[in-house]
Amino acid sequence: MTARLPLAALVLSCVAIGGAYALAFLPGGAPPWAAWGLILGSAGALAAMMALGATRNGRLRPVALVACLLTFGVVVIAFGAALLLPADEGPGARLLLGLPLRTAIVLYGVGLVPLLFLPLAYAASFDADTLNEDDLDRVRRAAREREAMRGRRADADAPPGHTP
Amino acid sequence: MSASFLLAEAAPPAALRQPAIIGVALLYFTAVALIGAWASRRTRSARDFFVAGQGIGIVTLAVAAMASTLSGFAFIGGPGLVYSAGTGAVFIVLSASITNTMGAWVLARRMRLLGEARGLITVPDAIGARFRSPAAQGLSAVALLVAVVGYMASNFLALGLVIDAMFGTGLALGIWLAMLVTLSYTAAGGILAGVYTDLFEGAVKTVASVTVFYFVLRAGGGLDGISRAITAVDATFLGPWGKMPALSALSLFFVFGLGALGQPHVAHKFYMLRDPRRLKWYPLLMSAAMALTLLLYVGVGLVMRAKVADGALPALARADDATPAFVLGFTPSVVAGLVFAGVIAAGMSTVNSFMNIGAAAITHDLPRALGRRVGDELRWGRVWTIVLSLAAVVLAQLPGAVVAFLGIFGFGLFAATLVPSLAIGLNWKGATREGAIASIATGLVLTLTLETCAFLKLFTLPAGVTISGLSLVLSVLVFFAVSRLTRARAAAQLDDDVRVVMEV
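Protein chains in written order, with my numbering: chain A, 657 to 820; chain B, 87 to 590.
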């Protein structure tokens, strides 16, 4: 997977959200399905940003890819279920872990489930895919080269006989 | 998040003036003063003042970032919003399960490495280095300044109200005291003092939140009991979107989700980490700290609504009374003291970050944007910290509605101006300085214009559309569109060392 895909997904997500907002300006307000624009757009924007950040040298490694796809899926499924399932939050409502079913799916699904895998996926892939000693050496070498080049430029620009 | 939640009086003053509550608050102030004195002795350079000498550990970073992210809104305004809007209010914090890992992947590593490679000390510094553009650096500094002063004013007012309620000082003196305490350690110890007081304040907030949540479950008969009491009388309050339309709740999720990448008080802290390889544990630590500290946000609003629903309590006169009423009525006074210390901690930890960021924008970023350098950045950083604090205190004395207006658009303004140029810009080599400048200008102008028009009631946006969401979407799209149009210049605008940082 290259960096182009997260970028395209991010643009499409923002367009979907913009579209949902535009529909809200219609006389009579946004149609009910406009919420799907925000669901897909929000989930897409967050997953795409993560994928963009996790991409190295134009490649997204498997652990990060799975984490991003899972995040997108969890958010879309949880919000989608809240839209599609029948409302049952009145007296005698069926509770799941102390909350009405649709609300439990949203709050536990979006608010808790990503906590169970995202930080672990980040930590698990950190040494191999995010930052290792070789990466640090490379950055520090590039910084030293830049400083050396600036020093040489300063020397060249200095008037004759001047000691920096 | 804005602290405008406390523009109404926080709680009945007499109820707060209990020895245990005042004692805990005084202990808190003493601890903050000691940390400030310790840090001020260690602050010897501009680098110490603005980036803590790049010497803090990962636990300190994570807890301090959490503390400055969750302002007093998390303890007072948030629970009040849950009490009045139900589940919909939780959408403001719902994305926290994702944003910390997202921030680590998108910003943490690149900011930290760029900071080391270039000796950067501010967020606009990173934008300037990425696009080799003093103009982009200066424009982003202007956006930061606009939001920072408003944030500071609304937080000073909120802190002043709490101090007045606890000590009976009167509002004006309460505001000045809040400013003087925060200023004393921020001006002396800079962000070094700020970050270690944030660590202490974050710990206070977390302990207070977990403790209060225990009393929430006890008072409500568990989550089942709370839900049964509410659903018996109100079928929408505990629906998936609460009292909001689905579009409004989802819009909050989007703004606070993607917008989290544009919060300078968090991004700035990545520069301060001693060992960048410790970032491995940042999402885990930050997410855990945040999840625990948000228990109060969700729990108190729900249990208070349940108590009103089953007739145990009369309806609250003001939604923002939910936390004060709960802790005074259902917890021991020491816990109440801890919560009010937590509220003060939340306000002060947010303000000290903004004092530092604002001072850096004036001392460091704006002069560089104009091709100049300030000789002694440490001294001028301290001077501007004082000047900005005085300006914010003067603004805080304005009518409450004006102060609320100043504080309310901060998050959205940061998001619309910084997410494209900073978060996307540091991860996409095809971005251009023209795209960055256009997106920052779009975010700044749109947010200020629309928020001002809305404040003056010149128009009302339809349900589900937020100004911050609209501005964020448009600034991102402008960033992509202008970068695409000027893509031939992208490669030439990228220095070699910055390219390496973007490639690792």
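Rather than coming from a laboratory, the hints here were simulated on the basis of the structure. A couple of the hints might just be wrong.
[Stated by the list, open to error] Just a few of them, taken from the derived set where beta-carbon distance is under 7 Å, the chain A residues facing chain B:
| id | residue |
| --- | --- |
| 1 | V667 |
| 2 | G684 |
| 3 | P687 |
| 4 | G709 |
| 5 | L752 |
| 6 | P756 |
| 7 | G765 |
| 8 | V766 |
| 9 | P770 |
| 10 | L774 |
| 11 | R794 |
| 12 | A799 |
| 13 | R802 |
Quick reminder that beta carbons are idealized off the backbone N, C-alpha and C, glycines included.
Checked hints:
| no. | hint | verdict |
| --- | --- | --- |
| 1 | V667 | holds (6 Å) |
| 2 | G684 | violated (10 Å) |
| 3 | P687 | violated (10 Å) |
| 4 | G709 | holds (3 Å) |
| 5 | L752 | violated (10 Å) |
| 6 | P756 | holds (5 Å) |
| 7 | G765 | violated (10 Å) |
| 8 | V766 | holds (5 Å) |
| 9 | P770 | holds (4 Å) |
| 10 | L774 | holds (4 Å) |
| 11 | R794 | holds (6 Å) |
| 12 | A799 | holds (4 Å) |
| 13 | R802 | holds (5 Å) |
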